[in-house]
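**Q** Now for the letters of each chain:
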Amino acid sequence: MKRTACRLLAISSAALWLVPAAPARTRPRYGDTVRADTQIVVMSGDTTPDALVGTVFETLVTVDDSGNLQPSLATTWISSNNATRWEFTLRSGVTFHDSTPFNPAAVVRCLSKPSNSGWRVRAGNDSVIFEFDNPQPNLSTLLSLPQYAITSLTADGNRVGTGPFELDHRNGPQFVLKAFDNYWAGRPFLDSVELLTSRSAHDQTSDFSLDRADAVEVAPDQLRRSQQDHLRLAISRPSETLFLIADPAKAGLQDPKLRQAIALAIDRAALHNVIFQHQGDIAAGVLPNWLDGYEFLFNSAPDLARARQLRMEVGQVTTLTIGYDPHDPAGRLIAERIALNARDIGLTLQAVPASGDLRLRYLDLPSLDPTAALYKLLDQVDIASPMNAASTYPVERDALATYLAIPLVHLPRAVALKDRVRNWTSSPGGDWHFDNLWLAPRPHPEVRP
Amino acid sequence: MKRSHYNSLFRMIGLTAEFSPQRKPWVKANDRLSESRSGRDTIPLVAFILISLLLCLAPSAFAANWTPPATELARAIAGAAGPGTVVVTIANSSSLTKKETADILNLLYSQLRSSGIRLVSENANTDVDVTLSENLQGYLWVAKITQGNQTQVEMVSVPRTEAPAAPHSGPSMTIRKNLLWSQPIQILDAYVDNNRMVLLEANAVSTFSLNNGKWQRDQSLAITRSHNFPRDLRGLLVPAKDHIADAYLPGTVCNASVSGGIGVSCRDGDDPWPLGPRTALFNSGRNYFSGVLFPAVNKPSGPFYSLVSLPRQNYNLLLLTGVDGRVHLNDGANERILATSSTSDWGSDAAAIKSNCGNGTQILVTNAGDETATDSLRAYEIPDRDPVQVSAPIDFPGPVTALWTHGDSITAVAHNLRTGSYEAYSVSITCNQ
Numbered sequence: 009m010k011r012t013a014c015r016l017l018a019i020s021s022a023a024l025w026l027v028p029a030a031p032a033r034t035r036p037r038y039g040d041t042v043r044a045d046t047q048i049v050v051m052s053g054d055t056t057p058d059a060l061v062g063t064v065f066e067t068l069v070t071v072d073d074s075g076n077l078q079p080s081l082a083t084t085w086i087s088s089n090n091a092t093r094w095e096f097t098l099r100s101g102v103t104f105h106d107s108t109p110f111n112p113a114a115v116v117r118c119l120s121k122p123s124n125s126g127w128r129v130r131a132g133n134d135s136v137i138f139e140f141d142n143p144q145p146n147l148s149t150l151l152s153l154p155q156y157a158i159t160s161l162t163a164d165g166n167r168v169g170t171g172p173f174e175l176d177h178r179n180g181p182q183f184v185l186k187a188f189d190n191y192w193a194g195r196p197f198l199d200s201v202e203l204l205t206s207r208s209a210h211d212q213t214s215d216f217s218l219d220r221a222d223a224v225e226v227a228p229d230q231l232r233r234s235q236q237d238h239l240r241l242a243i244s245r246p247s248e249t250l251f252l253i254a255d256p257a258k259a260g261l262q263d264p265k266l267r268q269a270i271a272l273a274i275d276r277a278a279l280h281n282v283i284f285q286h287q288g289d290i291a292a293g294v295l296p297n298w299l300d301g302y303e304f305l306f307n308s309a310p311d312l313a314r315a316r317q318l319r320m321e322v323g324q325v326t327t328l329t330i331g332y333d334p335h336d337p338a339g340r341l342i343a344e345r346i347a348l349n350a351r352d353i354g355l356t357l358q359a360v361p362a363s364g365d366l367r368l369r370y371l372d373l374p375s376l377d378p379t380a381a382l383y384k385l386l387d388q389v390d391i392a393s394p395m396n397a398a399s400t401y402p403v404e405r406d407a408l409a410t411y412l413a414i415p416l417v418h419l420p421r422a423v424a425l426k427d428r429v430r431n432w433t434s435s436p437g438g439d440w441h442f443d444n445l446w447l448a449p450r451p452h453p454e455v456r457p
Numbered sequence: 037m038k039r040s041h042y043n044s045l046f047r048m049i050g051l052t053a054e055f056s057p058q059r060k061p062w063v064k065a066n067d068r069l070s071e072s073r074s075g076r077d078t079i080p081l082v083a084f085i086l087i088s089l090l091l092c093l094a095p096s097a098f099a100a101n102w103t104p105p106a107t108e109l110a111r112a113i114a115g116a117a118g119p120g121t122v123v124v125t126i127a128n129s130s131s132l133t134k135k136e137t138a139d140i141l142n143l144l145y146s147q148l149r150s151s152g153i154r155l156v157s158e159n160a161n162t163d164v165d166v167t168l169s170e171n172l173q174g175y176l177w178v179a180k181i182t183q184g185n186q187t188q189v190e191m192v193s194v195p196r197t198e199a200p201a202a203p204h205s206g207p208s209m210t211i212r213k214n215l216l217w218s219q220p221i222q223i224l225d226a227y228v229d230n231n232r233m234v235l236l237e238a239n240a241v242s243t244f245s246l247n248n249g250k251w252q253r254d255q256s257l258a259i260t261r262s263h264n265f266p267r268d269l270r271g272l273l274v275p276a277k278d279h280i281a282d283a284y285l286p287g288t289v290c291n292a293s294v295s296g297g298i299g300v301s302c303r304d305g306d307d308p309w310p311l312g313p314r315t316a317l318f319n320s321g322r323n324y325f326s327g328v329l330f331p332a333v334n335k336p337s338g339p340f341y342s343l344v345s346l347p348r349q350n351y352n353l354l355l356l357t358g359v360d361g362r363v364h365l366n367d368g369a370n371e372r373i374l375a376t377s378s379t380s381d382w383g384s385d386a387a388a389i390k391s392n393c394g395n396g397t398q399i400l401v402t403n404a405g406d407e408t409a410t411d412s413l414r415a416y417e418i419p420d421r422d423p424v425q426v427s428a429p430i431d432f433p434g435p436v437t438a439l440w441t442h443g444d445s446i447t448a449v450a451h452n453l454r455t456g457s458y459e460a461y462s463v464s465i466t467c468n469q
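Quick mapping for you: the protein sequence lines, in order, are chains E and P. With the first letter of the first sequence counted as 1, position 369 gets the number 377 in the numbering used here; the numbers rise by one all the way through. With the first letter of the second sequence counted as 1, position 52 gets the number 88 in the numbering used here; the numbers rise by one all the way through.
If we strip away everything but chain E, and leave its shape as in the complex, we get:
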């Protein structure tokens, strides 16, 4: 996620001229269009972006805000033969946005992609059946991940889904979604959603100030200021993790001892306290403690003595670079602080506004299920993990022991909202849900008979 330092000033000024409160009602109101900005980048060729899963595209199962699996396009599921066979019964009365029926054949077509070669999938009467050579106890959980969203290919080559909104059109980074009247769980309250992606923090500020957006993102380092300015905010639990990623192909970083030495030299508390102004939590694990409950078992405190010892064991190391996103004003500060920590153990790191030997990377929590979240996060940082692990703890412990991805801080995700926006129910992980969202009517002039 990119950061901007001055955006809050403009957002704050926008709050001063917000329109008077709309008439208050509890019952959701149908109609209207919500406009939301995000910095998420969606590639032009990406026809099923993760950002639209849950809104346009749906998975067979989903994870609720308590981290429990819930039916979605599948109503029930059962495993047998020591979890080498799974059967998912599909929901009836569901159609894709182009009116083609949602049925076992459609699911099989979608999930038989070459990238899903780990399973054999076939259609049953009203179900789909997955078969494996080895037990896969986590299949139902993993199928909640966005990469397993069920889509259908139209005659003109577009991907359509089954979600509460259908894609009306895409104009570069702008996605215009319209309510799907035949949605199986009921038509959403909004008529449409205008989602502007790849929107810089500065542009989001402008959009919010000029009433061109109803919801914009607020960077963690700007959260305290936003709270002081009494902006209406929706703040998630610390669900975005800043990692320091090491490229093992780079000279010097091939040695895990050097990566461990860097990890032990980093003063995460300073990053958390100074740069992020105590927002979120210091990270010791890939998953935050509120999600897995055992992050405290991992160590995040610096250990300079051990770090120096490891550094000496490695021997001669050339200067390494630490890359940060040039659009992220906090990035340079973080990189320079880490370079300072590395200097304490006799290692020279140079902060560069580009890809480096080490690089800073923010990753959103991809699921509220620890198993699915860990699997996806490790995949994103190129650490292989087994799909069928019985417990996440040893997988995470082993992944951390590679020191290829060093977690630094867990940060909350925040959204500034206009007063009209109701039922903004971002999940504890910060995901946006548009299906239950509604907008209050604009205020009426007082009428007296």
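What the hints contain is simulated information worked out from the structure, not anything from laboratory work. Keep in mind that a hint or two might mislead.
Stated by the list, open to error - Just a few of them, taken from the derived set where beta-carbon distance is under 10 Å, the chain E residues facing chain P:
id : residue
1  : G101
2  : Y302
3  : E321
4  : G323
5  : W432
6  : A448
C-beta: ideal position from N, C-alpha, C; glycine also.
Go by the hints and put chain P onto chain E.
**A** Relative to chain E, chain P alone:
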């Protein structure tokens, strides 16, 4: 919770507590500390034995809840530690209360002893750090078992328990609520008729009977339909003389019957819903009434969420909470809109309730907010032009999703934000002296 409160409690039970800015208090079981927690306060094992004895004597409402996981964790620790002496350190980093923590502590020690563990205060073969942790799905009790350079971790997941919500009452005319039924599936309406309760869900009509003072579900009769219901689904039960009830749902009307076999027969239809002395057409694709009333009024008020009939000397005054966000008063011939200033904190739902107080009929109104906020009901009367609040609010643990008049009482359904359950309440008004 302030630090001094924790300290006094733990002193009371003979424990010491520590506080750090980022962690919740740690409760120590003995004077042996793990390396990572060195320097913290400790207590001797003798004190702990005394504490355990004291706790054993005290009745514990929660002990039964924690016994299975405590047993499981104790067995896991015993399995990993093997024979020999063990030093156990316990910490609480979860939202468990002090009382619950003490109960668990007691149980765990008891179970460890039962598992053959010999607890000592120092110089043991095995060190065990137990942390009562928590994650999104519930509690997680973690035991870190260290023998020399070997460390093993055992975990037990424990479902979270829910505490009942505290009732609230007002100072003058008092609204009272009585919980009828709670369930995870959305309740659209419910009413009690003698010793039978009828409850409406999206897919079923259920009947209940009283058994030892508790409602027990007798029948659940499936509703069949040919179309998807709209979001923010609403439904209304109307008691019938010759069968159980009629159920009105968007675009669907059902008839629940016991004659000729218990069942529900449904048909597609936009029959007007009975709302007191009038009936109103419901928009089958939305969550509001279209505005068409029977008998018709001279000046329709447009689409609305709720309609309340207030008896006047020669007519019924209609109060409608409009989709336009305003509250309309309609006497059948003329319409006026209540000042926004007096209704700005009203919710969308309102219902009439008869009482022996005031002018005999009050309007119960939900509070402004959305589905993410708790809700309340307040009683109003309209003696002249503007509404006058005649009761203190009564709180609900989540948004009120349905509010219907049934005879002399009102049924309110709240979506409990903490438990996620839907709770049907019978609401009445009593007069304070």
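**Q** Now, for every hint given, state plainly whether the structure supports it.
**A** Evaluation of the provided hints:
1. G101: With a closest approach of 7 Å, the G101 of chain E hint holds.
2. Y302: holds (5 Å)
3. E321: Not OK, violated: E321 of chain E not within 10 Å of chain P, min 19 Å.
4. G323: At 26 Å from the nearest chain P Cβ, G323 of chain E fails the 10 Å test, so the hint is violated.
5. W432: holds (7 Å)
6. A448: Result: holds, 7 Å to nearest chain P Cβ.
Comparing the model with each numbered hint stated earlier shows that hints 3, 4 do not hold.
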